[in-house]
Each structure stands twice: as C-alpha cells, then as structure tokens.
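*Asks:* Residue numbers (this note's numbering), protein chains in the order written: chain A, 1 to 368; chain B, 1001 to 1368.
Calculated from the structure, these hints are not laboratory results.
Being a predicted model, the structure only gives us computed values, none of them experimental.
Hints are not guaranteed to be accurate.
[What the hints assert, rightly or not] With a straight-line cut-off of 20 Å between C-alpha atoms, the simulated PhoX-like cross-links for lysine-lysine are: (1) A/Lys-186 - B/Lys-1186; (2) B/Lys-1119 - B/Lys-1091; (3) B/Lys-1168 - A/Lys-186; (4) A/Lys-119 - B/Lys-1119; (5) B/Lys-1293 - B/Lys-1270; (6) A/Lys-8 - A/Lys-150; (7) A/Lys-270 - A/Lys-140; (8) A/Lys-8 - A/Lys-140; (9) A/Lys-270 - A/Lys-288; (10) B/Lys-1186 - A/Lys-168; (11) B/Lys-1072 - B/Lys-1008; (12) B/Lys-1091 - B/Lys-1101.
Protein chains: 2
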Amino acid sequence: MTLARLQKLTASLNASGLDAVVLNPGPTLTHLTGLQFHLMERPVVLFIAPNQDPVLVLPELELPKVDLFPYKVQAFAYGELPSEWENSFRKAAQALGLDGKRIGVEPRQMRLLEFSYVKAGAPEAEYPDASSTLAGLRLKKDAEEIAAMKRAVKIAQDALNAVIPQIKIGMTEREIASELVVQLFKHGSDPELPFAPIVSGGPNSANPHASPSERKLQTGDMLVIDWGASYNGYISDLTRTFAIGEVDDELKKIHRIVQEANAAGRAAGKPGIPCAEVDIATRSVIEKSGYGKYFNHRTGHGIGMEAHEAPYMRGDNMQLLETGMAYTVEPGIYLTNRNGVRIEDNVVITEDGAEVLSDLPRELRVIG
Amino acid sequence: MTLARLQKLTASLNASGLDAVVLNPGPTLTHLTGLQFHLMERPVVLFIAPNQDPVLVLPELELPKVDLFPYKVQAFAYGELPSEWENSFRKAAQALGLDGKRIGVEPRQMRLLEFSYVKAGAPEAEYPDASSTLAGLRLKKDAEEIAAMKRAVKIAQDALNAVIPQIKIGMTEREIASELVVQLFKHGSDPELPFAPIVSGGPNSANPHASPSERKLQTGDMLVIDWGASYNGYISDLTRTFAIGEVDDELKKIHRIVQEANAAGRAAGKPGIPCAEVDIATRSVIEKSGYGKYFNHRTGHGIGMEAHEAPYMRGDNMQLLETGMAYTVEPGIYLTNRNGVRIEDNVVITEDGAEVLSDLPRELRVIG
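Starting from the given sequences, assemble the full structure and let the hints guide the process.
*Replies:* Put into structure tokens, the structure is as follows:
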C-alpha cells in the first residue's frame, strides 16, 4: 500500500512542476513508508524522485530501519560527528542528480535544521512549497484509515465515559486531565496522544486553547473537555461541555445554540460542496442567535494522522469536499471572563453525505 | 524567574553579534515565558530584542495567553484567513525596527513555515544560527529544575517497578509498552511523555532505536526498556536491560561490560573536564573488552526540557562541564540480529563531581 502511495506521489510530481520532494520525519513520511522516524538533533530526510529508488539520509544508528522499508531505498548514513553530515547530504543529492532542480518541501514540517543540510547538498536547486501536493496524498481516507479513526473515536469516548463519574466539585483541571490521559491509554490509545487534553472550567472555558490549570471546579461552571486518542497513527479529536451543578440560564442557552450549530455543521457535509459551506451552515446558527462575535474561530479542520490537517472548514475555503475526506465540526461560543461552550465531532464524507464517527451524547449534562 | 532569563538572553545578544532572536513554540520559548504554545498550522513567534518589550505574533484565538505572560509583550494577532498573516509579521518586525538587522534563529526548532513569514516581515534581515546562545540559556539547571528532573526520574522508576512483575514470556513488546505508559501517567507524569518508550526484545534489542513491535518475548531474549517521564516540563530518560529466563553466557558477559562502562561514565563527570572525557571513560571499558565496534553511538546527551539537548557526551566535544549541567550516560553493546544491552542513567554535575539522579538496580535481573 505504501508502494502505491509512493507511485501516486511520483506520478503527480510532473503536474506540480516538481522534479522531486524531500521529506523529514512527520506524518507524510510515515504515510509513504509505514515507518516512524523521530524529529531530533540528527537530521533524517527522504528524497523522492520519479523512476529512481528513493534516497534516505540518516544516522548510522538508525540503519536497521532501512531493512524495514516496504520498497528499495538507497541509504546514505552518517556517523556521530556533525562535521561529516553535510557530505552525506551532498552524496544523496548527487545520487538523484538533484542539484539545480525543483525539490518540493513541506514548510509546516521541515525545520531549518534539515533544510540547511539539504541546501548544502544541492545549493543550486529551488525549493518550492509542495504542501498542497503532499497534503493531497492524505486528503481522502481509505477504508483502513477510516476504520483506525473510528477506533480512535471509540477509545476517546470510552475513556471519557470512565472519567465522568469521577468528576467532582473541588477537583482541579489538571487532576481531571491526568485521569483522562490514564483512561485513554487504558482503553488502547497509541503511546503518543494527538494532543494534550484541554480541560477548562469557569472563566478558563472561555479560552478555546486553554491548558489545564490548578483551578478547582465550582458550582455554576461550564466544563469544556477537548480530547482525543490515537490508534495505529490515526487520531480522534472531540469536545463536550458539561454543567457543574446548576448553571445560569444564559449558559444553558448558549449550549443549546452550539448544539444546534454542531448539528447543522454535521448535516452540511457532502461531496461536491466547498468547505466554506460547512463553515457557513454552522456559523449562521450562531450568528442568527446574536452570538456570532463570540464564535471566533473556524468551524473545523481536517483530521487523520494529524490533529490539524487539510481540509479546513473556513468561510474562505472553496476547496470541494470529496468522498473520504475527514474533518471536525466544532462550533463554540466564548463569553470572555465568564464561561464557554464547544461541541466537537468527527465526520467523514461518504458518497452521498457525511458519516459522523462520534456518538457521545451532546445534550448538556449536569455533573459534579 | 522568566524575567531574569529574558534579561540574561538580551544581555548576551550583543556578545553573540545578534540584534534580536525570533523563537517559535518549543522548549526555549517555554523556558523564557513559562507558557506552552503549540506547533500547528498557524505560526506563532516571539521576537526578542534588547531594551524593548518582546513582540508576539499569534492567532487571535490565542490572545488570552497574552495576559498570562510574566512580563509586558506587544502582541500582533491575526485572524483565520492566511492571506492576512504576513501583514502581522511585517508590523511585528517594524515595531522592533528589525529589518536589515541580525535576527538569530533556532534551526532545530524553527520550521520553514514560521521562517517564511518572519522573512516576509523583515526581508532585508540576516538570520544567523543562534543555537549555541539559546542552548546556553538552558545548559545549567537551577535547584528548581533539578528537583523537577528528580521527580521525573522517580515517576519513571516507580512506573517501571509496577510493570516488571507483569512481564511474562509470550507478551508482545507493544503490550509491555502500553502498560508502561499507563503506569507513567498513574504515577504522575505530565500528559506529554518526553518520548514513546522503547521496548525491544531478542533481535530487536540489538537496534538502539527500535519501536515496540508485535514480537512476543521468548526465553533467552534480552529485553531493553528505554523510557522516561515528564514533570513540570522536565524529563527523565532511563534504560534497563533484563534477561527473559536463562540467556547465553555471552549475553551475561556483555551486560556485565555495559554495567561497568555505565559505572565508569557516571563516575567520570565533574566540573572543568570536557564532555569528551565522559565519552572516553565509558567507551574505553567496552573497547578494552573487545566489543568496541558494537557500541555505535555517543555515550549520552544533555537532558532537561528536551530528551536530547546540549551538552552531548561525544568523543569530539571539547565543551567543558559546569555545575548544573545534566546529561545521560548510556553505553550499549548491540550484537546485530542477536541481542543488545543498554544501561542508561541521568546525572547532574555538582560542585565537585556528578550526582546520579537514578538508582534503579542495574544488575542483570531475570524476569518473565
């Protein structure tokens, strides 16, 4: 399967005006090789060009991984002395005749560390942004990928269900987050979570990207939990909002509005419409309610091997949805310094609509 | 404390020939701000120049974090449309008068994503490598940092002690790794582990960077476990090797040699000697035994906020050890396609020697 992916990439290079691409450790490299390499102080890159075996540059102590490649690669390994590394990159570029050519890069993944060695190896080459070509490889999920994402959703939901009965007034956000992490692994998440869970109560819940703090839960708080699991490298990314004891009427109201917006967003997806339509369908529910200015982020993002990837559900994104694309629908209303609400689900485009991968109840539940 | 760190950095810029530095999310940014930002598709950077408030560029939905800064910063926030981002970077560079100046970068952390926006904001600037200046900020750990590392060691040791009685012949490497991860979080690790544990048995143990596989433990295997915990952002990184049932005499012998090398390496550290001496003290034990060519990596690396950071215990590194520097001592012998052994501890340089932070037994234990 990785060979088919590699062939799909090399076949697309010409149309993208590229002679090659160079990848460093990250989801695209894993997608194309089935292997995990780590971002570290020792640079690792794979050069891919049509009609030639891919060329790998890596530290000698990673050489056993070459045997695990699903297709033939030519490897240039370097020792522990950084002064010798540049030479391996030069030999790698020469092996593919890449100097002076157009070598696509992935700016979101490639660091200046790898890039400086790559450039030293092929100083006359151009390095255009190949993000859209490379993201295109992973945009449409196949049955196996969707099955892994469903399993990641189930692990996440089961983990939260195990935590909810333990949540009590007086617990800190960090305590809840720690217990959630334990439950995610107990239920079978891969060792690397897609992201550290957000657990935010009261005023902290009005910050969409809060980190769990030492603040204790109080009666009247909204509690936002944004969490996910990873299974075979594919992730889930969900959010639910709870009421801690009795909350005021406006909070109940904004929860109802966000729940409606989430439902509208989940229902909107189908092949052939632009991503913008999912954003508009979701956002218009909140705007009509008068809370539009309190929904200060896009409706969602693609998911798969990364917690954020293409396609993005944004009002200006005219990219058309296609069968197999997977993304989040996550409207929110954030009343600064008071409380916030977000409800997030994961959907995948089917032949005639969108399948929702997550089914944890969305109604406002009173806990604590 | 973060203010003192900031002042230390700005005071050092002049001597480094830099007018400013620009940082993206990562350990250096966290060290200087006490805050966590995430690497994502939305670029976040902090510009730091002497005698001016630092300047932050970030997405609008991260604006609540500005209030959490421990000192005054000037923030330029951008909305959800990428076409508008470049403008915020231009305003940020202008606010500090940085175009045409020397702005240091951290190549190991900065991605082409952030760098392309920074360059668009200050196209006439130079961007020299500021790694050594920035790494220097974090080289010598203070008492609070060492206390956090000790706690991270204790969490890791307690977690492994909870796993050892569960290890049985027939278990897969992945099963052991999963249980270890659960125990790391149960014992209080931060939600993000410093790295996914390595659990490798039999021939896999001869690959220093193996990933846990579906291979089942067999009698006669060596089992290498390389794992760590994180506490308040500071990490531990340990390795122990076990015998699964009765192993052959050569494996017992190489374990004894590695244990001696580890002891020599732990004893070697003291202020004023070059890092190379720690490598030589460790490596010479293995070389004298005749297994030198099977120890194919450096003796260790610095640890702190990252699993790999300066200083590196490498034969060519003449950097002098100073009080407060922390690093690993991790000799190994890897008999390719057979079995491997590694024993890794964490040490910190004191006023007259080196304190070993880890005390889990190192003798070969027979388990399973």
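*Asks:* Quickly compare the C-alpha distance for A/Lys-270 and A/Lys-288 to 20 Å and report which way the hint goes.
*Replies:* Given pair A/Lys-270, A/Lys-288 is violated - Cα atoms ~23 Å apart, limit 20 Å.
*Asks:* Starting from A/Lys-8, check that the Cα of A/Lys-140 is at most 20 Å away, please.
*Replies:* Measuring from Cα to Cα gives roughly 13 Å; hence the hint holds.
*Asks:* Hinted pair, alpha-carbon criterion (20 Å max): A/Lys-119, B/Lys-1119. Please report holds or violated.
*Replies:* 17 Å, holds
*Asks:* Sort out whether B/Lys-1101 lies within 20 Å of B/Lys-1091, counting only the CA atoms.
*Replies:* 15 Å, holds
*Asks:* Holds or violated: are the alpha carbons of A/Lys-270 and A/Lys-140 at most 20 Å from each other?
*Replies:* 13 Å, holds
*Asks:* Has the given pair, B/Lys-1293 with B/Lys-1270, been kept, meaning a C-alpha gap of at most 20 Å?
*Replies:* Not satisfied, since the Cα-Cα distance of roughly 27 Å exceeds 20 Å.
*Asks:* Given the proposed pairing of A/Lys-186 with B/Lys-1186, does the C-alpha separation stay at or below 20 Å?
*Replies:* Distance ~10 Å between A/Lys-186 and B/Lys-1186 Cα, so the pair holds.
*Asks:* Mind checking the alpha carbons of B/Lys-1168 and A/Lys-186 for me, to see if they're no more than 20 Å apart?
*Replies:* 19 Å, holds
*Asks:* Hey, A/Lys-8 versus A/Lys-150, does the alpha-carbon distance stay inside 20 Å?
*Replies:* 25 Å, violated
*Asks:* With a cut-off of 20 Å on the C-alpha distance, tell me whether B/Lys-1072 and B/Lys-1008 pass.
*Replies:* OK: B/Lys-1072 and B/Lys-1008 at ~16 Å, within 20 Å.
*Asks:* With the threshold set at 20 Å, check whether the alpha-carbon distance from B/Lys-1119 to B/Lys-1091 stays at or below it.
*Replies:* 12 Å, holds
*Asks:* Given the proposed pairing of B/Lys-1186 with A/Lys-168, does the C-alpha separation stay at or below 20 Å?
*Replies:* 19 Å, holds
Of the numbered hints given earlier, the model fails hints 5, 6, 9; all others are met.
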